[in-house]
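Visitor: These protein sequences, in sequence, are chains A and B.
Per the numbering used here, residue -4 is the first one in the first sequence, and the count goes up by one each step.
Per the numbering used here, residue 356 is the first one in the second sequence, and the count goes up by one each step.
Take these hints with a grain of salt, some might be off.
To be verified - Sample of chain A residues facing chain B (criterion: CB under 10 Å; computed from the structure): (1) A7; (2) R8; (3) G44; (4) A130; (5) V145; (6) S148.
What the hints assert, rightly or not - Residues of chain B placed beyond 12 Å of chain A at every Cβ, according to the derived structure: (7) D364; (8) G403; (9) D461; (10) A531; (11) R573; (12) L622; (13) N640; (14) D655.
Hints are computed from structural coordinates only; laboratory data are not their basis.
Fair warning: this is a prediction, and the values are worked out from it, not measured in the lab.
Each residue gets a CB set at the ideal place from its N, CA and C atoms; glycine is no exception.
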Amino acid sequence: MRSKDHEAEAIARALASLSERFGIDPGYFRSYHLFTRRNDVWCSSRQAGEAEFPQIVRRGLRIARVFEHSVRPTTNAAQLFGHLVKRNRIELSEHETRLFLAGKTQDIHLAEGEVGECVTGVTGGFVVAFHKGYALGIGLLKENKLKSQVPRSRRVLSSFSPSEKRSEEG
Amino acid sequence: MAPRRPARDLLPEKMLARFEEMGFDLSRFVPALLRPPSQAFRINTLKGDRDRVLTSLSHLEPEPCGWNSLVFRVKKRLKLGNLIEHFLGLIYAQDSSSTIPVTVLDPQPHEQILDMSAAPGSKSTQIAAAMRNTGLLVANDVSPGRIPSLTGNLDRSGVLNTVVTRLPGQAYGYIATERFDRVLIDAPCSSEGTLSRSFRTLEIWSESAIKRLSATQRNLIMSAYYSLKPGGVMVYSTCTFAPEENEGTVSYLLKKFPEAIVEPINLEGLNTQPGFSEWRGEAFNPAVKNILRLFPHEHDGEGFCVARITKPKR
Chain A
-4 MRSKDHEAEA
6 IARALASLSE
16 RFGIDPGYFR
26 SYHLFTRRND
36 VWCSSRQAGE
46 AEFPQIVRRG
56 LRIARVFEHS
66 VRPTTNAAQL
76 FGHLVKRNRI
86 ELSEHETRLF
96 LAGKTQDIHL
106 AEGEVGECVT
116 GVTGGFVVAF
126 HKGYALGIGL
136 LKENKLKSQV
146 PRSRRVLSSF
156 SPSEKRSEEG
Chain B
356 MAPRRPARDL
366 LPEKMLARFE
376 EMGFDLSRFV
386 PALLRPPSQA
396 FRINTLKGDR
406 DRVLTSLSHL
416 EPEPCGWNSL
426 VFRVKKRLKL
436 GNLIEHFLGL
446 IYAQDSSSTI
456 PVTVLDPQPH
466 EQILDMSAAP
476 GSKSTQIAAA
486 MRNTGLLVAN
496 DVSPGRIPSL
506 TGNLDRSGVL
516 NTVVTRLPGQ
526 AYGYIATERF
536 DRVLIDAPCS
546 SEGTLSRSFR
556 TLEIWSESAI
566 KRLSATQRNL
576 IMSAYYSLKP
586 GGVMVYSTCT
596 FAPEENEGTV
606 SYLLKKFPEA
616 IVEPINLEGL
626 NTQPGFSEWR
636 GEAFNPAVKN
646 ILRLFPHEHD
656 GEGFCVARIT
666 KPKR
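Bound conformation, chain A alone (with noise of 0.2 Å):
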């Protein structure tokens, strides 16, 4: 079973990443019950997360998952949390919004200067994926190449409403 120290290392440094990378403000998260399971971190309201019933399946939303020398934001968190984003997203065209749905790698090409170690632009690591101002999900950018980190269970292979269809081919 894992610490109570452990616990809120985990919940710690899941807060500073997602203030570091994305400047969402930790304070946000104080009126939600915060929480762990295996290496993860959850969050749901703060009755949900103080309710006791057995047979328990879960509770909330995972909202990240730490690994040793990074943390990933969740697609969901992201959908959830993606208007608190203030820096690394990137807005996708309709055709690579389409390429993220689907689960690709695909290149991305950024205004000079917006990948890098440039302070207020993009730099390479997790991004905010955005498309028509509604956070997509979480991307790996790496040397103009986007990885989606959209889970296979949520990619969408088809395409999209017929409205984006037409003003495409329009």
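Dock chain B against chain A, hints included.
Guide: Okay, now just chain B, sitting in the frame of chain A:
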């Protein structure tokens, strides 16, 4: 080309005889029952703003359903699950009738609510959105095989206030007596109202299956009532027409708890019928007339039956 079989030939004689006994005009009722209703979706306000989502879906020409400002019908035939709005959890594709039980339940923020048979999650996600992700929603389902679809839909919809449990619904009356402000029992049923979607129900449908399901439903409704706080509200719903599974179940509860109140349901834009007063010589409690019944030949949606029951304050 072979002549087209009349729709009624697709259904078992015993089922047709029961429908006739319920007073339906089979020439209107059966074709409507087997014709898929308009597709519908509900906007998930946990993920997006209603007007913004509607703007992005304007090409579908969604038509509002009067009883709930977040529910829309779509006349066009397309796979709603392929829309990017679906991937993002901005919409939940569900039959318009199935949005009615939660609308009637009327969940509020910061409450404690139980969804007793929650999978695959259409109603749990609707409850969580109405609660604005606050309080506690217990989404229970006894079937291990149905839990992944439930958790998948909770995830996609961005639900944070939920505890998922895998217990027989009958247990809640004992383990959570007078715990919940509201309880939803969307009971396992003979699913006669969903025949337009799938004929699978015909594999299990029989008079004895209805009897067996009705016994389970009686245990569930009792458990739900025990788990309700005094002053609390529960909604009992099924997607079947069988009076044994609807008025019969609610009458059973009223026999055990005569103080329980079956409230009238008034929803805008719905063509509804009251509950049956008797079936096969058995007179039901007169209060079951307040049950809301939806029939496919009168309403563009699957067949449904909904009862709103309150437990009086002490």
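Visitor: Are any of the numbered hints broken by this structure? If so, which, sorted upward?
Guide: 1, 2, 8 and 10
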